[in-house]
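All chains should be built: construct the whole structure from the sequences, respecting the hints.
Numbered per our numbering, the sequence shown spans residues 1 to 827.
Hints are computed from structural coordinates only; laboratory data are not their basis. Please note that a few of the clues may not be correct.
[Stated by the list, open to error] Once the Cα atoms are required to be at most 16 Å apart in a straight line, the calculated EDC-like pairs of lysine to aspartate or glutamate come out as:
(1) 451 <-> 690
(2) 623 <-> 328
(3) 630 <-> 530
(4) 617 <-> 558
(5) 713 <-> 678
(6) 688 <-> 702
(7) 617 <-> 308
(8) 465 <-> 480
(9) 788 <-> 776
(10) 375 <-> 496
(11) 375 <-> 690
(12) 251 <-> 349
(13) 50 <-> 272
(14) 812 <-> 668
(15) 207 <-> 272
(16) 451 <-> 689
(17) 223 <-> 349
(18) 300 <-> 342
(19) 688 <-> 706
(20) 621 <-> 558
(21) 402 <-> 706
(22) 207 <-> 221
(23) 260 <-> 62
(24) 289 <-> 518
(25) 289 <-> 517
(26) 50 <-> 62
(27) 50 <-> 517
(28) 507 <-> 57
(29) 634 <-> 381
(30) 634 <-> 528
(31) 289 <-> 510
(32) 50 <-> 510
(33) 742 <-> 678
(34) 617 <-> 583
(35) 207 <-> 276
(36) 507 <-> 518
(37) 621 <-> 559
(38) 623 <-> 583
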Amino acid sequence: MKSILKFIFVFFLFFIFTSAVSLAGVFLYFRRDLPDPTQISKIALHESTKIYDRSGEQILYEIHGEEKRTVISRDEIPSYVKAATVVAEDANFWNHSGFSVKSILRALVVNILEGKFTQGGSTITQQLVKNAFLGRQKTIARKIKEVMLAYEIEKNFSKEEILELYLNQISYGSNAYGIEAAAETFFGKKTESLSVSEAALLASLPKAPTYYSPYGSNFKELKNRQEFILERMKEFGYINEEDYRKNSAIKINFLPQREKIQAPHFIMYVRDYLTERYGENFLEQGGLKVHTTIDTDLQKIAEKTIKEGAAQNEKLFKAKNAALTAIDPKTGQILAMVGSRDYFDLKNEGNFNVATANRQPGSAFKPFAYTLAFKKGLRPETTLFDVFTEFNPLCDSDGKPKEGVLISQEKCYHPQNYDEKYRGPISLREALAQSINVPAVKTLYIAGINKTINLAQDMGITTLKNRDRYGLSLVLGGGEVKLIDLVAAYGVFANDGSKHPKTAILKIEDKNGNIIEEYKNNSFQIIDPEIARTISDILSDNNARTPIFGPASPLYFEDRQVAAKTGTSQDYRDAWTVGYTPEIVVGVWVGNNDNSPLVKSGGGAMAAAPIWHNFLKEVLKDKQTTFLPKPMEKEIQKPILSGSYQNIKKISIDTISGLIATSLTPPEFIEERAYQDEPHSILYFINKDDILGPVQENPSQDSQFENWEAGIKKWLASRGGFIINLPPQDFDNIHTEENRPKIISVSPFSNSRFFGGINIPISVAVESLFEISKIDFFANGEIFESLKNSPWQANFQGPAGQYLIQIRIFDKFGNQAEASLTLFIDS
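Here it is in structure tokens:
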């Protein structure tokens, strides 16, 4: 037993020794090239990142030129500024030795679960080390060095000194480095004059300066983070309940952004992309040269057009704001972007980029459903009924819950058209061109909601991810999309069904001139070119849209072919126009940032289309006229797809009786006639899951069939019925065996013999229901007499020989009878 205990003791000592040696080795290995932590206050300046237009000659924005930093002592920093920073970045700052084992282990678990470095568990001291010495490379080795340096700094500096260094070094965005520069940049005051509320807001920025920038699109998220920090300050005893409530309620006013910047919404869009891809510090200090896709000439036209159009809309439609995006469909390159009327108008949230915001597109979403419907087999000529239609199968055709069904009235869904009128049978071409709602909802049902969302996302829509939210109202704009995505997706139509992913970047160079990112013109065939051409043909068909928009609407260009679609969201909160030529796709949004509605006359055609037209007219005025390719004529395989909404049958009819001809009906009395039965919905004729397949055998199995049919019947009844040409159900009752003339007797008897040279009388006695029209007499196949009146007697004379005499009797309706006899004439 003693020997076992001795062995265990020796093994334990050996383990402790080897572990200590290993740890020492690791420490010495990483310590050998670590910088001197006492030099942390001597931070070198870094080069700014420059953003250029597509020519590469014009600088649109510089991040950040030179660092705006004013170093102040810790005595000039109020305690609540320090407290706000600590609770925001490192609540345990005053207690740890430079790093938090708990935070590191938590981050390690998250990183292992996600399969990549997404969290670092960094303390304020570690962040100071990372920014000063090590950069943002995410590796285990860098993390070990970070922890070691943080520990060394904690040994060489007091907590107050470390916090002072951190607050003088950290980036707050907008080129402001250090708390003093941040206070001056955002509030125009010194740090010592900041309020608690302002301190909490500034403490919100270092975590993600671009995302939380007061001049960016995420002010709501910034405000939420500020309130979180104030709550943490209360929790840790830095402020009391009264201070918390007072500072939470304060509305903070920022200084306007004063940096030199062109195409500001686009620049912020690019900056968000660069930050996500390369990190905040590298972007602000890496000396990058970013060549963007923006065309400064088009951008200036866009800004001028939006400014003028928005001012006009504010007077006419109470719409204060507007946005525009233009993309080259052959490359996906963004040529112009205006996110709001005036970027620098902070009072009206002008810095908010509506081009990248989620908004309801109204009818501008319809082409996606029609595209899929055409792919499944429908044609522009296919007819749907624009009538009052209830689409919830649990509700009756009047739009009320069915008896015994426990749902509220609000669950019933029977959309109306914008003018509250119904047009009856209408082709898909007319329905899409005129933006009629009811046929669009029916088209989405036939196309399928999930498949339509798949198609829209394949074409460039990045939203609509929570699919359980969307029903048939999706086709009327029930799901939110981004203007920039919608423009990119329409580019697929403009480019014969081929998608070029949208991009804002042509090339990025590092400070040494090495290209680290470059545009590649990749394309993906998303939809059949013929279907893309069909959509373009409809959206550019001025005749088809004239009944609603008029012949000279803002969608029409006299000298060139342009495809366009408008959209208006529910309650007139968003007005859209998106359109294209083969060279450019342009989308315009009009509305208010506070989501207040426009006046009802301010839909997409009236508020957005004039801005869209004016921009496109100016851009295209010196350009060569081009045309969208026309779709080929296609043979339509089923009558219902060609515009029919009734069964058409061709039947052989007896023209005398008007009934169905039989084998007894004389050919001269037979006529082919077409008959139509009562109108039906398209679901009567097709299976929506196999449109080109066999005729639907049991259409009532479709949950929508009952209400679609009922809607048609009620519409017909309201108009006094419909001309229905039903075929006869009975057969010809004139030309029957019973109605044939009957031959009573024939004279002479068959096989009679006569001498030559005399007239032989041949007579017939007839009984007939109808008047006899004629009797023909034949000898050996040749007619020798035709009688139209009685007495029915003919005279025959001929040379010697044998003769077959045939007698054919006809009544006035073509019924006939025949008799024959043989005669011999002797010489």
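Here is what the structure says about each hint:
1. 451 <-> 690: With Cα atoms ~14 Å apart, residue 451 and residue 690 stay inside 16 Å; holds.
2. 623 <-> 328: holds, 14 Å
3. 630 <-> 530: holds, 8 Å
4. 617 <-> 558: Holds, at roughly 11 Å.
5. 713 <-> 678: holds, 9 Å
6. 688 <-> 702: holds, 9 Å
7. 617 <-> 308: Roughly 15 Å separates the two Cα atoms, so the pair holds.
8. 465 <-> 480: This hinted pair holds, its Cα atoms lying about 10 Å apart.
9. 788 <-> 776: holds, 9 Å
10. 375 <-> 496: Distance ~14 Å between residue 375 and residue 496 Cα, so the pair holds.
11. 375 <-> 690: holds, 11 Å
12. 251 <-> 349: This hinted pair holds, its Cα atoms lying about 14 Å apart.
13. 50 <-> 272: holds, 14 Å
14. 812 <-> 668: holds, 12 Å
15. 207 <-> 272: holds, 14 Å
16. 451 <-> 689: Cα-Cα ~12 Å, so holds.
17. 223 <-> 349: holds, 14 Å
18. 300 <-> 342: Between residue 300 and residue 342 the Cα gap is close to 13 Å, so the pair holds against 16 Å.
19. 688 <-> 706: holds, 15 Å
20. 621 <-> 558: holds, 12 Å
21. 402 <-> 706: holds, 13 Å
22. 207 <-> 221: It holds: about 12 Å lies between the C-alpha atoms, which stays within 16 Å.
23. 260 <-> 62: It holds: about 8 Å lies between the C-alpha atoms, which stays within 16 Å.
24. 289 <-> 518: holds, 12 Å
25. 289 <-> 517: holds, 11 Å
26. 50 <-> 62: The given pair, whose Cα atoms are some 5 Å apart, holds under the 16 Å limit.
27. 50 <-> 517: Roughly 15 Å between the alpha carbons, so the hint for residue 50 and residue 517 holds.
28. 507 <-> 57: OK: residue 507 and residue 57 at ~13 Å, within 16 Å.
29. 634 <-> 381: holds, 11 Å
30. 634 <-> 528: holds, 14 Å
31. 289 <-> 510: Between residue 289 and residue 510 the Cα gap is close to 6 Å, so the pair holds against 16 Å.
32. 50 <-> 510: This hinted pair holds, its Cα atoms lying about 10 Å apart.
33. 742 <-> 678: violated, 43 Å
34. 617 <-> 583: holds, 13 Å
35. 207 <-> 276: Given pair residue 207, residue 276 holds - Cα atoms ~13 Å apart, limit 16 Å.
36. 507 <-> 518: Holds, at about 4 Å.
37. 621 <-> 559: With a Cα-Cα distance of about 10 Å, the restraint between residue 621 and residue 559 holds, given a limit of 16 Å.
38. 623 <-> 583: Cα-Cα ~10 Å, so holds.
In this structure, the one hint that does not hold is number 33.
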